[in-house]
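Protein sequence lines, in the order shown, are assigned to chains Y and G. Those letters in the first sequence? Residues 1 to 106, per our numbering, in order. Those letters in the second sequence? Residues 1001 to 1106, per our numbering, in order.
Be a bit skeptical, because a hint or two may be false.
Calculated lysine to aspartate or glutamate pairs in the DMTMM-like style (CA-CA distance at most 25 Å, straight line) [unchecked claim]:
1. G:K1105 x Y:D32
2. G:K1105 x G:E1041
3. Y:K105 x G:D1032
4. Y:K105 x Y:D25
5. G:K1089 x G:D1067
6. Y:K20 x Y:D62
7. G:K1089 x Y:E9
8. G:K1010 x G:D1032
9. G:K1010 x Y:E68
10. G:K1089 x G:D1062
11. Y:K20 x Y:E73
12. G:K1020 x G:E1058
13. G:K1020 x G:D1032
14. Y:K43 x Y:D62
15. Y:K43 x Y:D25
16. Y:K17 x Y:E37
17. G:K1043 x G:D1032
18. G:K1020 x G:E1009
19. G:K1020 x G:E1037
20. G:K1017 x G:D1062
21. G:K1089 x G:E1009
22. G:K1043 x G:D1067
23. G:K1105 x G:D1025
24. Y:K17 x Y:E58
25. Y:K20 x G:E1073
26. G:K1105 x Y:D25
27. G:K1010 x Y:E73
28. G:K1017 x G:E1041
29. G:K1010 x Y:E58
30. Y:K105 x G:D1025
31. G:K1010 x Y:D32
32. G:K1020 x G:E1073
33. G:K1020 x G:D1062
34. G:K1020 x Y:E73
35. G:K1020 x G:E1041
36. G:K1010 x Y:D62
Among the chain Y residues that face chain G by a calculated CB cut under 8 Å, a handful are [to be verified]:
37. A3
38. T6
39. S50
For the record, the hints were derived by calculation from the structure and aren't laboratory data. We put the CB at the ideal spot given by N, CA and C, even for glycine.
2 protein chains.
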Amino acid sequence: MGAFATVSEKVAFSTEKMTKQNVFDSTHMFCDVYGLEPGQEQKAHAHAGSDKVYYVLEGTADVQIGDETRRLEVGGLAHAAPGVAHAVKNPGPARVRLLVFMSPKP
Amino acid sequence: MGAFATVSEKVAFSTEKMTKQNVFDSTHMFCDVYGLEPGQEQKAHAHAGSDKVYYVLEGTADVQIGDETRRLEVGGLAHAAPGVAHAVKNPGPARVRLLVFMSPKP
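I would like the entire structure built from these sequences, with the hints used as guidance.
Spelled out as structure tokens, the structure:
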């Protein structure tokens, strides 16, 4: 991306599955924008040595961190520490866009 | 913060200087919200071993990365690789709020 990116222009959706668009990728971290149509999800998983962050750019998302699931609106953030299971689902009816960070890269 | 935070409620400003509110702090990264009144800035500096990210939540910010300065609106993101000088200034007239990540913690 170079040093600058316009996250608000990173808009992509697919009826097949959740989309991921890379924003930047560096030695210590990477940053993606996810796009989820209603009903689409990223299933629960964990990264043994990495932190993961979801930040809601658009829509309403059900985010699971460990044993807890919360419904997040725009401006909501969730952080999964290393080894902690995390998942996200779009309950609809609107589309969801998320800004996602992981560090370090797994 | 626990695993969840509401970044949209992290609103703080000071006439003295730019504010920083921590959102979360983990082994590999930390996340703050900065608040800048018109004219306030974070002067150019670099972190030898860490990546730094500014994401514009509110307002218009002049962000310098290395030798380049760009005016970013809401949804704009800037990434400073390790060792690269970076700075941010609020040119006004509106307030600026930024979501800021650093990894690893310096």
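Results of checking the hints against the structure:
For a cut-off of 25 Å, the pair hint linking K1105 of chain G to D32 of chain Y stands: about 21 Å separates their Cα positions. This hinted pair checks out: K1105 of chain G and E1041 of chain G have alpha carbons roughly 21 Å apart, not beyond 25 Å. Distance hint between K105 of chain Y and D1032 of chain G is fulfilled; the C-alpha atoms sit about 21 Å from each other, no more than 25 Å. Between K105 of chain Y and D25 of chain Y the CA atoms are separated by roughly 9 Å; this keeps the pair inside 25 Å, and the hint holds.
Taken as a hint, the K1089 of chain G and D1067 of chain G pair is honoured in the structure, with Cα atoms around 15 Å apart against an allowance of 25 Å. Taking the CA atoms of K20 of chain Y and D62 of chain Y, the gap is about 18 Å. The hint holds against a cut of 25 Å. At most 25 Å may separate the alpha-carbon atoms for a hinted pair to count; K1089 of chain G and E9 of chain Y meet this at roughly 23 Å. The hinted pair formed by K1010 of chain G and D1032 of chain G meets the criterion: a straight-line CA distance of about 9 Å does not exceed 25 Å.
Note on K1010 of chain G and E68 of chain Y: the hinted pairing holds, with a Cα-Cα distance of about 22 Å set against a maximum of 25 Å. Proposed proximity of K1089 of chain G and D1062 of chain G is supported: the alpha carbons are some 5 Å apart, at most 25 Å. Between K20 of chain Y and E73 of chain Y the CA atoms are separated by roughly 20 Å; this keeps the pair inside 25 Å, and the hint holds. With a CA separation close to 15 Å, the supplied pair K1020 of chain G and E1058 of chain G stays within the 25 Å bound.
Taken as a hint, the K1020 of chain G and D1032 of chain G pair is honoured in the structure, with Cα atoms around 6 Å apart against an allowance of 25 Å. Only pairs whose Cα atoms come within 25 Å are accepted, and K43 of chain Y paired with D62 of chain Y is accepted, the gap being roughly 11 Å. Among the hinted pairs, K43 of chain Y with D25 of chain Y is consistent with the structure: their alpha-carbon atoms are about 23 Å apart, no more than 25 Å. Taking the CA atoms of K17 of chain Y and E37 of chain Y, the gap is about 8 Å. The hint holds against a cut of 25 Å.
Distance check on the hinted pair: K1043 of chain G and D1032 of chain G sit about 17 Å apart at the alpha-carbon level, within 25 Å; holds. About 13 Å separates the Cα atoms of K1020 of chain G and E1009 of chain G, which keeps this hinted pair within 25 Å; it holds. Distance hint between K1020 of chain G and E1037 of chain G is fulfilled; the C-alpha atoms sit about 12 Å from each other, no more than 25 Å. Pair hint K1017 of chain G plus D1062 of chain G holds up; C-alpha atoms about 17 Å apart against a cutoff of 25 Å.
At roughly 22 Å between alpha-carbon atoms, K1089 of chain G and E1009 of chain G fall within 25 Å of each other, so this suggested pair holds. Simply put, K1043 of chain G and D1067 of chain G have alpha-carbon atoms about 14 Å apart, close enough for the 25 Å limit, and the pair holds. For the hint linking K1105 of chain G to D1025 of chain G, the alpha-carbon distance of about 9 Å falls within 25 Å, and the restraint holds. A distance of roughly 17 Å separates the Cα atoms of K17 of chain Y and E58 of chain Y; the hinted pair therefore holds under the 25 Å criterion.
Restraint check for K20 of chain Y and E1073 of chain G: the C-alpha separation of about 23 Å stays at or below 25 Å, so the hint holds. For the given pair, K1105 of chain G sits about 17 Å from D25 of chain Y by alpha-carbon distance, which is consistent with the 25 Å threshold. Using a Cα cut-off of 25 Å, the hinted pair K1010 of chain G and E73 of chain Y holds, with the two alpha carbons roughly 14 Å apart. Note on K1017 of chain G and E1041 of chain G: the hinted pairing holds, with a Cα-Cα distance of about 8 Å set against a maximum of 25 Å.
For the hint pairing K1010 of chain G with E58 of chain Y, the CA-to-CA distance comes to about 18 Å; that is within 25 Å, so the pair holds. At roughly 17 Å between alpha-carbon atoms, K105 of chain Y and D1025 of chain G fall within 25 Å of each other, so this suggested pair holds. At most 25 Å may separate the alpha-carbon atoms for a hinted pair to count; K1010 of chain G and D32 of chain Y meet this at roughly 23 Å. About 20 Å separates the Cα atoms of K1020 of chain G and E1073 of chain G, which keeps this hinted pair within 25 Å; it holds.
Taken as a hint, the K1020 of chain G and D1062 of chain G pair is honoured in the structure, with Cα atoms around 18 Å apart against an allowance of 25 Å. With a C-alpha separation of about 23 Å, the suggested pairing of K1020 of chain G with E73 of chain Y holds against the 25 Å cut-off. Restraint check for K1020 of chain G and E1041 of chain G: satisfied, since their Cα atoms lie roughly 12 Å apart, inside the 25 Å limit. Pair hint K1010 of chain G plus D62 of chain Y holds up; C-alpha atoms about 21 Å apart against a cutoff of 25 Å.
Here the hint on A3 of chain Y is kept, as its CB sits about 4 Å from the closest CB of chain G, short of 8 Å. Nearest Cβ of chain G to the Cβ of T6 of chain Y: about 6 Å, under the 8 Å cut. The hint holds. At a threshold of 8 Å, the smallest CB-CB gap from S50 of chain Y to chain G is about 7 Å, leaving the interface hint in force.
When each numbered hint is compared with the structure, no violation occurs for any of them.
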